[in-house]
Amino acid sequence: MAAVSLRLGDLVWGKLGRYPPWPGKIVNPPKDLKKPRGKKCFFVKFFGTEDHAWIKVEQLKPYHAHKEEMIKINKGKRFQQAVDAVEEFLRRAKGKDQTSSHTSDDKNRRNSSEERSRPNSGDEKRKLSLSEGKVKKNMGEGKKRVTSGSAERGSKCLKRAQEQSPRKRGRPPKDEKDLTIPESSTVKGMMAGPMAAFKWQPTASEPVKDADPHFHHFLLSQTEKPAVCYQAITKKLKICEEETGSTSIQAADSTAVNGSITPTDKKIGFLGLGLMGSGIVSNLLKMGHTVTVWNRTAEKCDLFIQEGARLGRTPAEVVSTCDITFACVSDPKAAKDLVLGPSGVLQGIRPGKCYVDMSTVDADTVTELAQVIVSRGGRFLEAPVSGNQQLSNDGMLVILAAGDRGLYEDCSSCFQAMGKTSFFLGEVGNAAKMMLIVNMVQGSFMATIAEGLTLAQVTGQSQQTLLDILNQGQLASIFLDQKCQNILQGNFKPDFYLKYIQKDLRLAIALGDAVNHPTPMAAAANEVYKRAKALDQSDNDMSAVYRAYIH
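Quick note: the sequence shown uses this note's numbering, first residue 1, plus one each step.
Everything labelled a hint here was simulated from the structure, so no lab data went into it. Accuracy of the hints is not assured; some may be wrong.
[What the hints assert, rightly or not] Calculated lysine-lysine pairs in the BS3-like style (CA-CA distance at most 27 Å, straight line):
hint	residue 1	residue 2
1	Lys336	Lys267
2	Lys15	Lys77
3	Lys530	Lys493
4	Lys336	Lys300
5	Lys67	Lys56
6	Lys333	Lys530
7	Lys266	Lys31
8	Lys530	Lys433
9	Lys15	Lys34
Could you put together the complete structure from these sequences and hints?
Dropping the structure here:
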C-alpha cells in the first residue's frame with residue numbers, strides 16, 4: 001500500500017501481516033503502550049473485531065477512497081460485518097451532527113419566542129404575582145397530603161423494581177466478586193479517550209456474547225456486541241481448581257485476551273515455524289512481543305522478519321539471547337535433536353534461561369528434556385497445544401502446561417496471544433499425557449467419521465444428507481463439519497497433518513500399554529491411519545484417512 005497523509009480520527013484500511021486489508025480508525029494508543037521504533041506508524045482500532053495494532057503508514061489507505069476496491073477483493077461474511085460496522089458508525093456520527101444542529105435551532109426559536117411573549121406591562125406583572133401567591137397557598141395546605149402520597153407511591157415503585165430485578169442491589173455474590181479485579185487508572189484513562197465514541201468499552205453488567213470461538217479476531221460485530229478491548233490489561237481471570245490439583249486460567253472472554261494484551265518485556269525466542277508455530281509467532285508479533293525466530297528451513301523465517309521478528313542463526317544463539325524460548329517441532333526425535341544436537345538449545349542454557357517445549361511428545365521424552373535443562377540451571381515448562389492451523393492463526397489454541405509454575409505465569413501474555421485458554425497440570429509429563437489422550441480421542445473420532453461416510457456411500461445413502469443429519473444432532477461441531485466438508489469436496493490441504501495424528505495415536509497406545517490399560521478403539525483407528533500413510537496421505541490433512549476406506 002502506498003504511503004498517504006493521515007491523522008488521528010481518520011477511517012482507514014489497514015494491512016496487518018498475512019491478514020487481508022481491514023477497516024479501522026486511527027486512535028490514540030494506551031499511554032503505557034510504546035510506539036515501535038523505525039518506520040512511521042499509526043495505532044489503529046479495527047471495526048467488527050477486538051483487534052488493534054500499530055500499523056506502518058505504507059500499510060494504510062483512506063477508507064472512503066478505497067472502499068469499492070476493497071469490497072471487490074474481499075467477500076467474506078466477517079469482512080462484510082466489519083464494513084457494516086463502519087457504515088453504522090458513520091450513520092450514528094451523522095445522526096449526532098444532525099441532532100446537535102436541530103437542538104441549536106430549536107433553542108434559538110425558543111429564545112426568540114420567549115422574548116416576544118415576555119410580560120411588559122405592570123398589570124401583567126401584578127397578575128403573575130397574584131397567581132404565584134395562590135399556588136404557594138395551595139401547596140401549603142396540601143403539603144402533608146402530597147408528601148404522604150408520594151411516600152406510598154415511592155414504596156410501591158421500589159418494591160416492584162426489587163421484584164423485577166434479577167438481583168438485589170448491594171454487594172455482588174462472592175463468586176462474581178472474586179472474578180473481578182479493580183480497573184487500573186491507566187484503563188480508566190483510556191476509556192475516556194477518543195475511542196469512547198466507538199463504544200468499545202464493556203460495562204460490568206453486560207455479558208460478553210460469543211458468536212464463533214474459532215475466529216475471534218474478525219468475528220465480533222461492533223454494533224452488536226459489547227467489547228472487552230482492554231479487559232486483558234486488568235487481567236480479569238477465572239481460576240478453576242480441579243480435584244487433580246490442576247489449574248486452568250481462562251479469560252472471562254477469550255476475545256478480551258486476544259484483543260488487547262500487555263506484552264511481557266522479556267525477550268521471546270521461537271524455534272520451529274511449521275503449521276502451528278507459524279500462527280503462534282504471527283500472533284506473538286501482532287500483540288507486541290519482541291521475538292527472535294529460527295527454523296531448520298531458513299526461508300520460512302523471511303515472512304516473520306518482515307513482520308518485525310529477529311533472526312537467530314542457531315537454536316543455541318536464540319536461547320542465549322532471549323529470556324524465554326519456545327519450541328514447537330514434529331515428534332520426540334525432533335524435540336531431542338533440537339535440544340541435544342549440535343548448536344542446540346542446551347548449549348545456550350545458562351542459569352535463569354527459560355525453555356518451553358510446545359511439541360506433542362511422550363512423557364518420557366519431555367521428562368528427559370526437563371532434566372537436562374534444569375541440570376544447567378535453566379527453567380523448563382512443557383506446553384503442548386490442542387488445535388489446528390486455523391486455530392493457531394486465529395490465536396485460539398488450548399494450551400496444556402506442566403512443570404515450572406513460575407515460568408507458566410511468566411508466559412501469561414504469550415499464552416494469551418496464542419490461545420484462548422491455558423491449563424496448568426502440575427509436574428512435568430502430565431501435559432504430555434493429557435495431550436496424547438486428547439489427540440487419541442480426536443484421531444479416533446476422525447476415523448469414525450470417515451468410516452460412516454464411506455458406509456453411507458456404499459449403501460446408496462447421500463453423504464451430504466448424513467452430514468446434515470449429524471449437524472442437527474448431538475455430535476454437531478465445527479470439527480465434524482469441517483472434516484466432512486473436506487471429504488465431500490476432496491480437499492485435503494493440511495490443517496493437521498495425517499502423519500502427526502497417527503504419531504499421537506501410536507504414542508497414546510504406548511501410554512496405555514505402560515499402565516496396562518486397554519486402548520482397542522485407538523488401536524483400530526491407528527491401523528486405518530497406517531493404511532492411509534501407505535497410500536501416500538502422510539502430508540495431507542487427517543481427514544484424508546477417508547481414502548484408506550475407498551482404496
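So, going through the hints one by one against the coordinates:
With a C-alpha separation of about 23 Å, the suggested pairing of lysine 336 with lysine 267 holds against the 27 Å cut-off. Note on lysine 15 and lysine 77: the hinted pairing holds, with a Cα-Cα distance of about 18 Å set against a maximum of 27 Å. Annotation: proposed proximity of lysine 530 to lysine 493 holds, straight-line Cα distance about 19 Å (limit 27 Å). Distance check on the hinted pair: lysine 336 and lysine 300 sit about 21 Å apart at the alpha-carbon level, within 27 Å; holds.
Using a Cα cut-off of 27 Å, the hinted pair lysine 67 and lysine 56 holds, with the two alpha carbons roughly 19 Å apart. Only pairs whose Cα atoms come within 27 Å are accepted, and lysine 333 paired with lysine 530 is accepted, the gap being roughly 19 Å. The hinted pair formed by lysine 266 and lysine 31 meets the criterion: a straight-line CA distance of about 20 Å does not exceed 27 Å. Straight-line distance between C-alpha atoms of lysine 530 and lysine 433 comes to about 22 Å, which keeps the hinted pair within the 27 Å bound.
At roughly 20 Å between alpha-carbon atoms, lysine 15 and lysine 34 fall within 27 Å of each other, so this suggested pair holds.
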